[in-house]
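Undergrad: Here the protein sequences come in this chain order: A and B.
Under my numbering, the first residue of the first sequence carries the number 1, and numbering increases by one thereafter.
Under my numbering, the first residue of the second sequence carries the number 77, and numbering increases by one thereafter.
Everything labelled a hint here was simulated from the structure, so no lab data went into it.
Any given hint could be a false lead.
[Claimed, not checked] If you only want the chain A side, here are some residues facing chain B, beta carbon under 7 Å, derived:
no. : residue
1   : R10
2   : C13
3   : V17
4   : T48
5   : W49
6   : N53
[As the list claims (entries may be wrong)] Counterexamples of contact, computed for chain B against chain A with all Cβ distances above 12 Å:
no. : residue
7   : H150
8   : I151
9   : N185
10  : Q280
11  : P369
12  : R405
Every residue gets a Cβ at the ideal spot worked out from N, C-alpha and C, and that includes glycine.
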Amino acid sequence: MTIETLNARRLLCPLPVIRTQDKVKQLKIGDRLEVICTDPGVMQDIPTWCRINGHKVLEATAGNHEYTILLEVGSS
Amino acid sequence: MSKQRKAIALISGGLDSMLAAKTIMEQGIHVEGINFFTGFCVEGHTHAIREKDKAKPKRNNSLWVAEQLGMKLHIVDVIEEYKNVLINPKHGYGAHMNPCLDCKIFMVNKAKQWIVENDFDFIITGEVIGQRPMSQRKATMPIVAKESGADDLLLRPLCAKNLPATLPEREGWVDREKLHDITGRSRKPQIAMAEQFGFDDYSQPAGGCCFLTDKSYSAKLVDLWKSQGHKEYQLDDVMLLKVGRHIRPQPNFKLIVAREEGEGRFLQGYKNEFISMISLSHRGPLVLIDGTPSAEDLYLAAQITARFGQGREAEQVDIDVTMLDGSERTLQVKPIRDEDMPKAWYV
Ligand code: SF4
Numbered sequence: 001m002t003i004e005t006l007n008a009r010r011l012l013c014p015l016p017v018i019r020t021q022d023k024v025k026q027l028k029i030g031d032r033l034e035v036i037c038t039d040p041g042v043m044q045d046i047p048t049w050c051r052i053n054g055h056k057v058l059e060a061t062a063g064n065h066e067y068t069i070l071l072e073v074g075s076s
Numbered sequence: 077m078s079k080q081r082k083a084i085a086l087i088s089g090g091l092d093s094m095l096a097a098k099t100i101m102e103q104g105i106h107v108e109g110i111n112f113f114t115g116f117c118v119e120g121h122t123h124a125i126r127e128k129d130k131a132k133p134k135r136n137n138s139l140w141v142a143e144q145l146g147m148k149l150h151i152v153d154v155i156e157e158y159k160n161v162l163i164n165p166k167h168g169y170g171a172h173m174n175p176c177l178d179c180k181i182f183m184v185n186k187a188k189q190w191i192v193e194n195d196f197d198f199i200i201t202g203e204v205i206g207q208r209p210m211s212q213r214k215a216t217m218p219i220v221a222k223e224s225g226a227d228d229l230l231l232r233p234l235c236a237k238n239l240p241a242t243l244p245e246r247e248g249w250v251d252r253e254k255l256h257d258i259t260g261r262s263r264k265p266q267i268a269m270a271e272q273f274g275f276d277d278y279s280q281p282a283g284g285c286c287f288l289t290d291k292s293y294s295a296k297l298v299d300l301w302k303s304q305g306h307k308e309y310q311l312d313d314v315m316l317l318k319v320g321r322h323i324r325p326q327p328n329f330k331l332i333v334a335r336e337e338g339e340g341r342f343l344q345g346y347k348n349e350f351i352s353m354i355s356l357s358h359r360g361p362l363v364l365i366d367g368t369p370s371a372e373d374l375y376l377a378a379q380i381t382a383r384f385g386q387g388r389e390a391e392q393v394d395i396d397v398t399m400l401d402g403s404e405r406t407l408q409v410k411p412i413r414d415e416d417m418p419k420a421w422y423v
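When you get a sec, could you build the whole thing from the sequences and use the hints?
TA: Quick look at the structure:
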């Protein structure tokens with residue numbers, strides 16, 4: 001299992017979702033990706049994107065104007 | 077057993093594309109959504125930036141639609157390729173800077189490439205004849221199909237019965253009888269269909285699906301092009317047009333004045349790329365200066381900066397100026413009076 005980090009700071013939605021989507025394409029089932037953003041919209045958009053594409057959000061945290069989402073790549 | 081047919085639906089996040097996709101899903105076709113991000117899409121950017129909007133929940137409508145329909149959604153970054161569409165629209169602009177017809181052709185063409193690469197059979201859009209004055213007329217329907225290269229692989233389920241049968245209909249992949257014949261600007265048929273399918277809380281953008289249909293945004297874009305003498309742009313340029321008050325006292329420079337804390341924080345991210353100003357003696361907004369101001373222009377910009385802070389009535393306000401090389405100095409200015417700021421300065 002690989003754990004990767006994606007810096008999506010300063011990007012506005014849907015760019016963090018697009019970058020997440022592109023990164024996930026390079027990963028394997030079970031790999032994890034941590035996405036760090038500054039647009040609060042990701043707290044809604046990345047989990048929705050994960051649900052419709054079969055990935056799992058393991059953790060979503062907010063603090064100090066930053067939002068971090070840890071997801072696990074699913075089988076889609 | 078007959079082959080499972082697959083369609084890609086252009087999803088804008090509005091009701092029409094949602095209904096079009098649903099209509100085809102109901103016929104047993106495997107449908108996935110595709111959404112193109114041009115940089116101008118109405119995606120709650122001001123919402124993401126501005127403090128005052130944060131109380132309202134924000135969502136990406138395309139993702140919401142996909143989830144409601146239980147389908148996958150592919151969001152494609154077309155920022156670079158879209159520049160040519162916006163800069164040189166063969167069919168011209170709509171009421172504002174919206175090149176809707178060229179935009180449709182471009183997106184359907186991208187969808188055509190996508191179906192070839194992903195082994196899908198056809199393309200669906202939510203277009204309705206007569207819905208939009210520029211891009212959705214009877215005459216433009218064949219233009220989009222032809223110039224995009226999609227030809228009869230492009231099916232518009234909401235108005236298909238008013239158009240010649242496409243390949244998916246002729247081949248019997250979809251039943252033409254179960255498609256629709258909506259025309260005109262009335263939203264009633266779509267609203268009735270939404271009710272039938274049990275959809276509520278869908279988005280109904282009034283002007284269109286992007287900022288280019290917005291009058292004030294378009295004015296800022298035209299101002300940007302005019303001031304730089306060409307139409308090229310970077311994503312940051314068009315993002316900044318969504319934020320703050322834009323004031324151009326002279327052709328060679330403009331001010332971007334944060335209207336509130338959230339905008340100030342957003343503009344802070346661009347501080348190293350612009351000359352910036354902020355009041356030291358009174359509370360006031362962060363201001364970015366775009367262009368090539370002279371020393372005299374900077375003094376005027378400082379007076380304007382002072383005008384938007386709490387020192388607006390003061391005899392003197394200290395304005396900190398940070399230049400592009402990072403050097404700082406303080407200008408002591410008297411805030412400009414309202415009556416000395418012509419309306420024409422506001423972009
Ligand atoms: S409103 Fe914007 S995104 Fe929609 S068709 Fe027109 S130019 Fe394209």
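Undergrad: Look at each hint and say if it fits the structure.
TA: Cross-check of the supplied hints:
1. R10: Given a least distance of 5 Å, the restraint on R10 of chain A holds.
2. C13: holds (5 Å)
3. V17: holds (6 Å)
4. T48: holds (4 Å)
5. W49: W49 of chain A check passes; min Cβ-Cβ to chain B is 6 Å, inside 7 Å.
6. N53: N53 of chain A check passes; min Cβ-Cβ to chain B is 6 Å, inside 7 Å.
7. H150: violated (8 Å)
8. I151: violated (5 Å)
9. N185: Holds: least Cβ distance 19 Å, greater than 12 Å.
10. Q280: About 20 Å separates Q280 of chain B from the closest Cβ of chain A, which puts it past 12 Å; holds.
11. P369: holds (26 Å)
12. R405: holds (28 Å)
Going through the hint list in order, the structure does not satisfy hints 7, 8.
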